[in-house]
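If you read the protein sequences in the order shown, they are chains A and B.
Residue numbers in the first sequence follow our numbering, run continuously in steps of one, and reach 352 at the last position.
Residue numbers in the second sequence follow our numbering, run continuously in steps of one, and reach 352 at the last position.
Just so you know, the hints here were simulated from the structure itself, not pulled from any lab data.
Hints are supplied without guarantee of correctness; some may be wrong.
A pair counts as met if it fits within one copy or between any two copies, since identical chains are not told apart.
Pairs of lysine-lysine residues, derived as DSS-like cross-links and limited to a Cα-Cα distance of at most 27 Å, are as follows [unchecked claim]: (1) Lys204 - Lys294; (2) Lys42 - Lys78; (3) Lys42 - Lys300; (4) Lys(-15) - Lys152; (5) Lys300 - Lys83; (6) Lys77 - Lys319; (7) Lys42 - Lys282.
Owing to the predicted nature of the structure, the values given are computational and were not obtained by experimental measurement.
2 protein chains.
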Amino acid sequence: MSSKKRTSKKQSTGSAESRQTVAQGLLRDLGGSVYTDLDEGRFPSLTLASRSVRNIVYDKKLQQFILGATTVKKSSGNIKHIRPFTQLIWLAYFAKKLVDEKRTSTLRDVFYSAQAFNVEFQDQAESDELITDLEVLMQMAREGMNIYPEERSAIFGNMTIEYTVPGYEGKTADLSANPDGVMIGPALTTAEFRDTDAELVLAIEKGGLFTRFIEERVHQKYKAILINTAGQPPRSTRFLIRRLNQELGLPVGILCDADPWGAHIAMVIKSGSANAAHLRELTTPNSKWLGVYASDIQKYKLPSDKLTEVDIKRLYELKSDPRYTEKMWHDELETFLKYKRKSEQEAFARYGLSYIVDTYLPEKLEMMKSS
Amino acid sequence: MSSKKRTSKKQSTGSAESRQTVAQGLLRDLGGSVYTDLDEGRFPSLTLASRSVRNIVYDKKLQQFILGATTVKKSSGNIKHIRPFTQLIWLAYFAKKLVDEKRTSTLRDVFYSAQAFNVEFQDQAESDELITDLEVLMQMAREGMNIYPEERSAIFGNMTIEYTVPGYEGKTADLSANPDGVMIGPALTTAEFRDTDAELVLAIEKGGLFTRFIEERVHQKYKAILINTAGQPPRSTRFLIRRLNQELGLPVGILCDADPWGAHIAMVIKSGSANAAHLRELTTPNSKWLGVYASDIQKYKLPSDKLTEVDIKRLYELKSDPRYTEKMWHDELETFLKYKRKSEQEAFARYGLSYIVDTYLPEKLEMMKSS
């Protein structure tokens, strides 16, 4: 591959500052609509797209689920709505405070913080639900409002980033400086990409293979930025993968275990989840699932295990999922069901620890280029 | 606190190079003993301390479990022993190869690698068991033989480290350069500590609080190195905490949820686990459990939940555990059982997001200094 250096001086839409500006504007508008209702003598109300299953439809062009035309209204004039209406307004207030103060919070923190304001959530499941409602209302992921989950994954590669979070504005970091990888949290998600010679992104399901790739210098040999998704990647990691794809134009390849759960990790990176049908910033439609395919189990004679009943049930679910209609995906689901075997990324170790890097990966990267 | 700079130029026992030398020596001795047996006309055999429950005893002075005097012998002259004997010898061969080639492997990789040599393990549970036998035989943690688990945690703080892994020898990194933290994997575990003004280490159970502490500048305000244990810390993280304590003389404080599982995270960092009774390098006996205590739930009027039956069963198990005889620990277990309530680190958010840093933490650090 030829070496092409990508540098960027401009501020991206992913930076903490530009996300802050957008979130502040949206939250101010939300508050403004409540004041307008009051000024005009109406009970304040909020109208948002319905998240009921019937209103979640697959959009072939966007290659993701979206919300349909059905809306629901939460009105302070309806006794049954007062509780969720108040909760939503408080959440918007709390998010505004977070964004203004440039602080982050976990979903769990939000649940407990409500108690300081005598706002009641029965449990975290309820506050999580309402946070999703706020996302729908704002058309913005909660990460944009500084609300993060606990889970983290990691990144490694030849890239200089510039942090945009408080206390780190303008500070750069080299993502190849720490060979165990850097955590992907609020700071990294909102960092600017400054300088890289990378030509692709590889998202990897497991920490073991992530480390193997670093040890075998995949970042140099194939000019790859490596991302450890640590299982199903947290949304902030999916947001970061999309940014790498869209802002730097880097192709994205995904490597997972050969089982329905692994395939679905690749699918969620590509086409998102039904739960996030109201968002457009978490998918990478042109990313490629590179394997391990069901057909690779035979092709590479990999050690494999019998599919469990739960695996098989899951495969039938995926078969009827609109995201899996593309021929290649559909064929692989059929192959799983035909041979009823599954395998793992580590299974390549039966051919020696570097086989997956020296043999399997180049074949997959060729395929990625030609497809 | 006064500022004291700690610098270190010498090579520690934790570096990749010194661990490599020790592991190579031990593995060579192991192989040598097999050759000696053969040369002298005996069936080769290996004798190791028994890991049966009856041979695991608590050592009050070391404040950890140790293996007693009972040994078991695996002899190639006994038909029943041939399988585990062969597996052990292959594991030693594979570990030697890893160490010689300066590569790491996961437990899962080891399981699959065996197949390349037609060495059979029924499943990973069996290969994990035999790896533990090899640890017992060598009196060395598998991490010293470059065998790591999948799980990772993270570190952040004012400290310069120097990596010792291949390709990174002599390269330094600043552990405050990435505000989401750096992963603790094979490279960080074996890095040399070069330069720090830190005066203590805080091990934190959850990523959310870890990020909160970084945002609130705990690393500067309290000169703390922060470690996200991500639940029960992987052994390599415990090894790193011990190194920070022993090589730099830094006191270690541990912050977890107020439930039996949180308390036990603190205990395992302090006194290790029965599973690792054969090792001495994974405990930090003088580390301090700082909370959240059962008694803190009342003291700080924290939001709390009822203990479940599983929690209560666990508390009775801990009560009869020799590691919990110290008065403070025992009293907290009693308090849990008295009020039957549990709480979480995030529960402090009911007093605002910075309360835990501004009020709770200073009180705990005072306690830590005076105890």
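Please flag the earlier hints that this structure goes against, numbers listed from lowest up. Violated hints: 1, 2, 5, 6 and 7; rest satisfied.
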